[in-house]
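Please build the complete structure, drawing on both the sequences and the hints.
Letter by letter, the sequence shown follows residues 1066 to 1220 in our numbering.
The hints are simulated quantities; they were obtained by calculation from the structure and are not laboratory data.
Quantities reported herein were computed from a predicted structural model and do not represent experimental measurements.
Glycine included, every Cβ here is placed at the ideal spot set by N, Cα and C.
Any given hint could be a false lead.
As the list claims (entries may be wrong) - Pairs of lysine-lysine residues, derived as BS3-like cross-links and limited to a Cα-Cα distance of at most 25 Å, are as follows:
(1) K1125 - K1177
(2) K1164 - K1079
(3) K1125 - K1079
Unchecked claim - Distance ranges between label pairs, derived from CB positions:
(4) A1122 - K1079: 27 to 35 Å
(5) V1131 - A1160: 17 to 25 Å
(6) E1071 - S1113: 19 to 27 Å
(7) E1071 - G1162: 35 to 43 Å
(8) P1143 - I1163: 42 to 50 Å
(9) D1158 - E1098: 29 to 37 Å
(10) Y1106 - K1079: 42 to 50 Å
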Amino acid sequence: MSATTEAVAALLAKYNDALNASSTDAVMPLYAEDGVFMPPYSQSAVGSAAVRNAYDAVFKAIMLNVKFTIAEIVELAPDWAFARTNSAGATTDHASGIKSAEGTRNCSFSRKIVTVPGGSQDTASRRRTRRAASRISLLLGVGMRKRASADVEPK
1066 MSATTEAVAA LLAKYNDALN ASSTDAVMPL YAEDGVFMPP YSQSAVGSAA VRNAYDAVFK
1126 AIMLNVKFTI AEIVELAPDW AFARTNSAGA TTDHASGIKS AEGTRNCSFS RKIVTVPGGS
1186 QDTASRRRTR RAASRISLLL GVGMRKRASA DVEPK
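Okay, structure coming up:
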């Protein structure tokens, strides 16, 4: 397994833990500043503030208890990777207390972000040096919920 594949797998494990903890604060460091979150049945959230608000809304509405299975991780370029995952588990609706089965198929695109002294994320510095500390950040999270037969198709 390459260093990039290992980093993406570790990122997805942290993301899985953050979802199950209903922790927006744990999710946010995993996203790039220009990250995109595409929750089912909702508008896409683009950028840190919108992503934070979207996760706050999701965690206010439901509690997740899911486990990701990695189907594949593909390194697309030196700083980019694609991951395809499946998740299975349950959600609990906070308003009603009703638990229901949950399953998703997800596509995530990750890019390596180099943090330069002072904490900024700088593409030019990334090109100049690989010695700076780097991390893999989730840029795009896409989920498609597998519907139970009792669910109604959205219009």
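Going through the hints against the structure:
no.	hint	result
1	K1125 - K1177	violated, 30 Å
2	K1164 - K1079	holds, 24 Å
3	K1125 - K1079	holds, 20 Å
4	A1122 - K1079: 27 to 35 Å	violated, 21 Å
5	V1131 - A1160: 17 to 25 Å	holds, 20 Å
6	E1071 - S1113: 19 to 27 Å	holds, 26 Å
7	E1071 - G1162: 35 to 43 Å	holds, 39 Å
8	P1143 - I1163: 42 to 50 Å	holds, 46 Å
9	D1158 - E1098: 29 to 37 Å	holds, 32 Å
10	Y1106 - K1079: 42 to 50 Å	violated, 25 Å
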